[in-house]
Amino acid sequence: MTNKKEDAVTSPRTERSNPDDAEMLNNPAEHNHLPIVDSFRQRVFHVVAAIPFGQVTTYGDIARLIGSPRAARQVGGVLKRLPEGSTLPWYRVINRHGEISLVGEDYLRQKNALLAEGIEISPAGRIDLQQYRWRYSEL
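Under UniProt numbering, think of the first position of the sequence shown as 1, with each following residue one higher.
Take these hints with a grain of salt, some might be off.
[Said to hold, decoys possible] Okay, derived cross-link-like pairs now, SDA-like style, lysine to any residue, Cα gap no bigger than 20 Å in a straight line:
id, residue 1, residue 2
1, Lys80, Asn112
2, Lys111, Ile121
3, Lys111, Gly98
4, Lys80, His46
5, Lys80, Ser39
6, Lys80, Asp106
7, Lys80, Tyr107
8, Lys111, Leu82
9, Lys111, Glu99
10, Lys80, Thr58
11, Lys111, Gly76
12, Lys80, Ala50
13, Lys111, Gln130
14, Lys80, Pro69
15, Lys111, Pro89
16, Lys80, Asn95
17, Lys111, Pro69
18, Lys111, Arg126
19, Lys111, Phe53
20, Lys111, Asn95
21, Lys80, Glu105
What the hints contain is simulated information worked out from the structure, not anything from laboratory work.
Start from the sequences and build out the full structure, keeping to the hints where you can.
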């Protein structure tokens, strides 16, 4: 029997580089058809690539979708380590309060990308999850 604590989040396998990861980051739309995604990082990439234009989701939503409901922070860690120039729409992922979690230049990059997609951000810095949250179907 496998140890329940060792899963895609804690397994050393998640830290190894996979040549398919770079390809998935550069062409995420081409990989939406993949039936099996085997590492935590790849599962995050798969879900983030599926978030539609003009919609957002939360770190926790992604964690639940990939089968690791307590791994919202790890989802954030994966997105934080994306290579510069990635075409993955990382900016569509926000926190459970409907806010951008980043600060400084990164905050402005994410805010501007969301505004460019028509997503409204209140003066308090909140995005209305009732209006813009992705209502995903089975991936």
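Going down the list of hints, with the structure as the test:
no. : hint              : result
1   : Lys80 <-> Asn112  : holds, 17 Å
2   : Lys111 <-> Ile121 : holds, 8 Å
3   : Lys111 <-> Gly98  : holds, 12 Å
4   : Lys80 <-> His46   : holds, 16 Å
5   : Lys80 <-> Ser39   : holds, 17 Å
6   : Lys80 <-> Asp106  : holds, 10 Å
7   : Lys80 <-> Tyr107  : holds, 12 Å
8   : Lys111 <-> Leu82  : holds, 18 Å
9   : Lys111 <-> Glu99  : holds, 10 Å
10  : Lys80 <-> Thr58   : holds, 14 Å
11  : Lys111 <-> Gly76  : holds, 16 Å
12  : Lys80 <-> Ala50   : holds, 18 Å
13  : Lys111 <-> Gln130 : holds, 18 Å
14  : Lys80 <-> Pro69   : holds, 19 Å
15  : Lys111 <-> Pro89  : holds, 13 Å
16  : Lys80 <-> Asn95   : holds, 14 Å
17  : Lys111 <-> Pro69  : violated, 26 Å
18  : Lys111 <-> Arg126 : holds, 10 Å
19  : Lys111 <-> Phe53  : holds, 14 Å
20  : Lys111 <-> Asn95  : holds, 13 Å
21  : Lys80 <-> Glu105  : holds, 13 Å
When each numbered hint is compared with the structure, a violation occurs for hint 17 only.
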